[in-house]
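Engineer: Listed below, chain by chain, are the residues.
There are 2 protein chains.
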Amino acid sequence: MKNTYRKIFKWGDKREESLDKGIVKLLKEKFDFSDKDFRQHYLFGDEEITLRKACSLPGDTINRLVAICGAENIDKSDYARASHAMGYFFSELLLLRKGEVNTPPDLVVYPRTEEEIIQILQICNKENIAVTPMGGRSSVTRGLETPKGGISLDLTRHFNKILEVNEINSTATVETGVYGPAFEKQLNNFGKGYTCGHFPQSFEYSTVGGWVAARGAGQESTYYGKIDDLVLAMKVITPAGIIETKDYPASAEAWDLNKTFIGSEGCLGIITRVTLKIKRWRPQNKTFASFIFKNFESATESMRNIMQAGIGKPSLFRISDPVETATGFKIKGFENSFSDKFLRFLGYHSGERCLMFVTVDGDKEYTHLIKKKIKKIARSEGGFSIGRKPTKEWLEQRYSSAYLRDPLMDIGVMTDTVETAVSWDKLINLWTAVRAYLEKREKVHVMAHISHVYETGANLYFTFLSPMKKGKELEDYLQYHKGLVDTIHNNGGSLTHHHGIGRALAPWMEDEMGKTAMGLMQASKDYLDPGGIMNPGGTLGLR
Amino acid sequence: MKNTYRKIFKWGDKREESLDKGIVKLLKEKFDFSDKDFRQHYLFGDEEITLRKACSLPGDTINRLVAICGAENIDKSDYARASHAMGYFFSELLLLRKGEVNTPPDLVVYPRTEEEIIQILQICNKENIAVTPMGGRSSVTRGLETPKGGISLDLTRHFNKILEVNEINSTATVETGVYGPAFEKQLNNFGKGYTCGHFPQSFEYSTVGGWVAARGAGQESTYYGKIDDLVLAMKVITPAGIIETKDYPASAEAWDLNKTFIGSEGCLGIITRVTLKIKRWRPQNKTFASFIFKNFESATESMRNIMQAGIGKPSLFRISDPVETATGFKIKGFENSFSDKFLRFLGYHSGERCLMFVTVDGDKEYTHLIKKKIKKIARSEGGFSIGRKPTKEWLEQRYSSAYLRDPLMDIGVMTDTVETAVSWDKLINLWTAVRAYLEKREKVHVMAHISHVYETGANLYFTFLSPMKKGKELEDYLQYHKGLVDTIHNNGGSLTHHHGIGRALAPWMEDEMGKTAMGLMQASKDYLDPGGIMNPGGTLGLR
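Residue numbers (my numbering), protein chains in the order written: chain R, 1 to 543; chain U, 1 to 543.
Among the hints, erroneous ones may be present.
Quick list of in silico lysine-lysine cross-link-like pairs, PhoX-like style, CA-CA up to 25 Å [stated by the list, open to error]:
(1) K126/U <-> K286/R
(2) K126/U <-> K515/R
(3) K371/U <-> K372/R
(4) K372/R <-> K126/U
(5) K364/R <-> K126/U
Source of the hints: derived by calculation from the structure; they are not laboratory data.
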């Protein structure tokens, strides 16, 4: 197989290479697409990779890196360099499809040990070579671009071992280059059976280190917590030295330095190992519920009341807004079924009604009680129980929706997701404002859901599809995206709930955080990375 | 009433001015005290305060401060300066009792507004005047000493308002100088009724700002969380500028700067307001349980199993070790009662048995289920249920044990508490090692409890009483304390779980954190406080 640009961005396992009937129907209805539109190959990216920019590191430097890591762990091929030049933000995917990899790293390095990383950083710090740590590279924030070239330090090849599962403490210590499924499977199979409970949409293609560095959240974070809540201890190798925190259950030893590295996006150093909280894996106890609400307002109010009721927390907890709900029904061919008619008869109308998915994890009696209490609260807000099945079905395809990205782009449809966190009192207003902004576009399909829920607020996650403006794809997208982030920012939403900042959201950071906060972050970077070599060039809005 | 040193350290409400019969009996038994020993007044501190060191600030500077805050909010009296020269660590209490206030602040200032604080910091930064922010001053870590004089900035007079209770978001925004009881009472009485759930031992005499700055924990933190978990947003005024974080329920906007100020102990700036999570106050739903275990090992194992069972969490969750359990029974006159005999008949022997206190908060059905599940797990580890009463009684006097400090010191008994956090797998070993160290002393009474419990570990809280070495009280104490902290540090315990570091534990910080971590913290301070004026002189091990 040729080393094409397409090989870089295409999912490895070929799921969802084509669009199913429901999506085709939706695109025809919304965008007036004809059958011909589905047959085009748009910016297919199937040219062989040829980088214009050669590796610019001196031979001496490369020799020293080879001496450290072994020649087999240094790759300067065009494919390795192009694939380690960026992540999967929409603008990056466009560039890959156009074959425009303009600032690739000079080398990809796969260190074998922490000692090797220390030596690599010493060399790079001395010779002013950029170092960008990389895991699964599923960044959607331009967090992994390599504008200054240098080294892409890939941890997935050798840093993928579980170092300890401690059943007494209920913790696992793991190297950060391990992928989600390998980590989770080993936990499931260890001793009495454990789970990390961290299942981001990118689960199959992301690593533990990426979860921590980009401050992610899993689909069941409402119960298991965001990665912020799961990390007990870590080891970080920085140009200035090593920081290793301890696995105390809590502490008042000055401020919590773990929290300085969670979300540091590779700008401060390389997180090589982390100790995470784990829980007993009890799939047999998992309970499921699904509800339909008359509108988004009553569904969110129900979520809020459930979170504030003092009844424990659901695990998966999710509502789709009316368009996302209707889209799901359409794709599943549910429209005009008997159930659809029955729901309409009951007052749950398409275009207004909203789906809610719920699971509860833990002890058996606990999960049953929580489910019972959730049902009661949901009903009091007009929620109609539609059984276990919709939630179970959603879980079976929980990682799949991302796979639509490629076949949609293949036919010239722009698709992106943008997410935010917001307090309850601003949520409906923010949702309304963002939809209004997005829907100003001539042909666009805008869906939203809430998928991470807290006592004090929730996230909002927007997905949009729209035909690309051919020939001006990038400018068009960037302009649309800028207005979207402005709308979120001006309506009280955070710049991100779990994707991170990267370079895509960096321009908003100073206005969001304030000058003093940015200065404090820069001072931290300047101390740990005095040469400015760690993921340099604007990530987080830092120098 | 004369302004004596005693007035500074004596509790305001005169509870527990004398020792009750049970304590007297204990001291006689353990330390061979005679009635005469109880009649002495040892280092009573009832001399009138006269400071040798006069206010050394230039008249011009004072005039400018008066122009900012008003003359009534600037106090240079000896009493004000002496009372704002330190906290209540054992060594500080000794110094107060001896009338040795050698480095008082030059002035006590009570700013009225954030704008005034900004102006004060500008003046102090320019003129290199130390600023130590103060709340309830209940520090037990030498966190509030003023070795460089300067200004003690007291927030309790004017920064004591609740700015907003947001019932939609379940949050309260509050000025940081408010005391615990005033804050909690206003929450209880607001709207549907709320609670912060944060009840440290110092509750009555500590402020919200102190909780945050010293990274504290309340007695019910197992359910409500440590202060780290409660803070959503804050405003901090630093010499370099203002940092104001937002009340998002969660975020991935770089790293969490709230966590840099929680535990900063006044070294980075002045936290003027915080937004805290609150919960519905449902005292009518609170359930209570008490158990007795055959030994400390089975009691801790039961705690661990309860925390890891996936059944939700108790609120108050506490076990006393055998000596603390026996001491409580002795003080209450329980020894040789019918119940005592019955317990012994069942195999729960004095000197081995351990008390457990449990409450559960939340929804009514939820609390009943959690209590039922806890009972089941406790029983499986040999726990014998002794009803609601012991826990209820403990709660009624929950803040009182601290009041024993003064009457004990009045008769020459040294008493101190030292606490740590540790993972489950090291807990019993640490408890054993610390007791062994403490009990090497000739006459000493050593008690311990666990009071903050996590899935991955717990705290350990040690209390000791011992006759002072008269004439060498301070040296003796400091030597004993040093060995105690060394023992904790060498056996895998954190330097502190919730008291903080201050100057008392600063000497261990570099060994505990490592040089790079200390450098990172110093760099953060150097950026925010370039003149080194904020609580200077060694707190947290920083310059």
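Engineer: Each hint should be assessed against the structure and marked as holding or not.
Structural biologist: Each hint tested on the structure:
1. K126/U <-> K286/R: violated (61 Å)
2. K126/U <-> K515/R: Answer holds: K126/U to K515/R is near 21 Å, not above 25 Å.
3. K371/U <-> K372/R: Cα-Cα ~18 Å, so holds.
4. K372/R <-> K126/U: violated (62 Å)
5. K364/R <-> K126/U: Violated, at roughly 63 Å.
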